[in-house]
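Student: Spelled out, the chains give:
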Amino acid sequence: MDLDAKLSDQLRGIPRSGIRDFFELVIGRTDVISLGVGEPDKPTPWPIREAAIRSLEKGQTSYTSNLGLESLRAGIAKYVEAHFRTLYDAKTEILVTVGVSEALDIAFRAVLNPGDEVIFHQPCYVSYAPTVTMAYGVPVPVNTRLEDNFALRASDVAKVITPKSKVLVLNFPTNPTGAIEPLDELEKIAALCVKHDLLCFTDEIYSELLYDGRQHKSIVEFPGMRERTILLHGFSKAFAMTGWRLGYACAPPLLTAAMMKIHQYTMLCAPIMSQMAAIEALKLGAEAYEPMRQSYEERRNFVVGRLNAMGLHCFNPGGAFYVFPDVSSTGLTGKEFAMQLLEEHSIAVVPGGAFGPSGESCVRCCYATAPDLLVKAMDGMEVFVKSRKKQ
Amino acid sequence: MERLLQILCENARQTNAELGARLGLTEAEVAARIVALEHDGVILGYTPVIDREKAGERGVTALIEVKITPESGGGFDRMARRISQYDQVRGCYLMSGGYDLTVIVEGKDLYDVAKFVAEKLSTLGAVLSTATHFQLRVYKHDGVLLRSGDEEERLPISP
Ligand SMILES: Cc1ncc(COP(=O)(O)O)c(C=O)c1O
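Protein chains in written order, with the working numbering: chain L, 654 to 1044; chain E, -7 to 151.
Quick caveat, the hints were computed from the structure, so don't treat them as lab data.
Quantities reported herein were computed from a predicted structural model and do not represent experimental measurements.
Hints may contain errors.
Stated by the list, open to error - One side only, chain E facing chain L, incomplete, derived with CB under 7 Å: (1) GLU10; (2) ALA13; (3) ARG14; (4) GLY16; (5) ALA20; (6) SER150; (7) PRO151.
We treat Cβ as the ideally placed atom computed from N, Cα and C, and that holds for glycine.
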């Protein structure tokens, strides 16, 4: 049987993940120092793990409400109000999902008709374009620029808006660049959404991980935005809970109900033990993530200093846990740089092109990596960069 | 505790340049601060955290509860300092509660520790009684979990 012929055309249209290609090269090698991950180096804080263990001991192993446990949704409402100064009704406007990943998927599927366009800034998280495509939408990337520290220009967004535009996706701080959006641009982008009646999906997954005393402001806080925004957030990054697979979407009742319609049939509910852990995470709040945030900030200082000193231009990212240095001074593309660095020094970084063509001259390095390994990685990279400059 | 001390507790082998880069200080500023901390006796030393079993160490460690008669004027200090002088004593702490001092003692074997307790500790005039507890296994030491060997590796590359 020709199984390939049986695959859906929609799926076939999606290219292989650039990250996946690189993953194949690294996997199975035990000698590699990896700055290639997209998650914290530490396990989930103990009190959160313990809450899940307690709930298992109590025998809490059932399905929950499709929307998620009511007490968790109440906790989310409080947390979101405190962090985003925006009120959501826990009963009708909050949906607990299997990570931001699922939330993104059902949000797109809930609103897109074939041919509807989704605008997002690139370099970006690898899932956006494929998730849009699988929902029969058309991905419309907008390149951000190194010279802007990968912030998004409202004028660049304006250029790609068409009558088919339906959704704008934002992610600040950004994976893979660590970019922060200046408030004046964010305000202009909000005005564009209102003017062109666009929906906005704002992926807030790194919003706690901000540095240099920055305060987060989300696009949902601007006038006219709450009614057209789906706020996507989760526990993976700030609370170091990637493996728990837990996130949530906050949106007006009609959009929440629409997402819920898909979620109830495809997922039923998020795992109860993860929900129990998340309740504890929200109770702890900053107490749980602040020590990690502070440590990431210091590691960022170290890595950014070293990268610039070795001649790889790297702006000081304001959030998340990635740096995105430009490696063109070595005469290599991001991909060549990553391949050769892996081969010669057993250090893994991710080619920037995996996150979109505008990142091709860069590589992504995750500094949520143990400080001693960061030192070794920077030492190795420095030797590598020197060897390339001579050529 | 100041941040420099906190991150030295995580790993005291970071170079001054690395510490400086993390904290936004110059290498020279870090060096000067560390010298001052050492001089003031805030930093008393730097030691590795060792899984002694893996290192092939077959010795024993005991926690000894010691009751002593306090002295007029000096309280427990003179005796505690005196007990602390022995090389076998790795730690000595004044306690609240049912006894006075916790003394951590290391020896080659049970006999070695027993001999120390019988010949050195109990014979001190002010010592009223001792209760010796031998340590059987270490799970966490100085804030560091010992590796159990079944830790999951995280993926080397993820989105
Ligand atoms: C920008 C961004 N959004 C979403 C996700 C997925 O998050 P979750 O673990 O909640 O599915 C990631 C994970 O790397 C991410 O970087």
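Student: Evaluate each hint against the coordinates.
Tutor: Tested hints:
1. Because the beta carbon of GLU10(E) sits about 6 Å from the nearest beta carbon in chain L, less than 7 Å, this interface hint is met.
2. With its C-beta approaching chain L no nearer than about 4 Å, ALA13(E) sits inside the 7 Å limit, and its interface hint holds.
3. Interface restraint check for ARG14(E): the shortest CB-CB distance to chain L comes to about 4 Å, inside 7 Å, so the restraint holds.
4. For GLY16(E), the interface hint holds, the least distance from its beta-carbon to any beta-carbon of chain L being 6 Å, beneath 7 Å.
5. For ALA20(E), the interface hint is violated, since its Cβ never comes within 7 Å of a Cβ in chain L; the closest pair sits about 15 Å apart.
6. Below 7 Å, beta-carbon pairs count as interface contacts, and SER150(E) has one with chain L at about 5 Å; its hint therefore holds.
7. The beta carbon of PRO151(E) comes within 5 Å of a beta carbon in chain L, closer than 7 Å, and the hint placing it at the interface holds.
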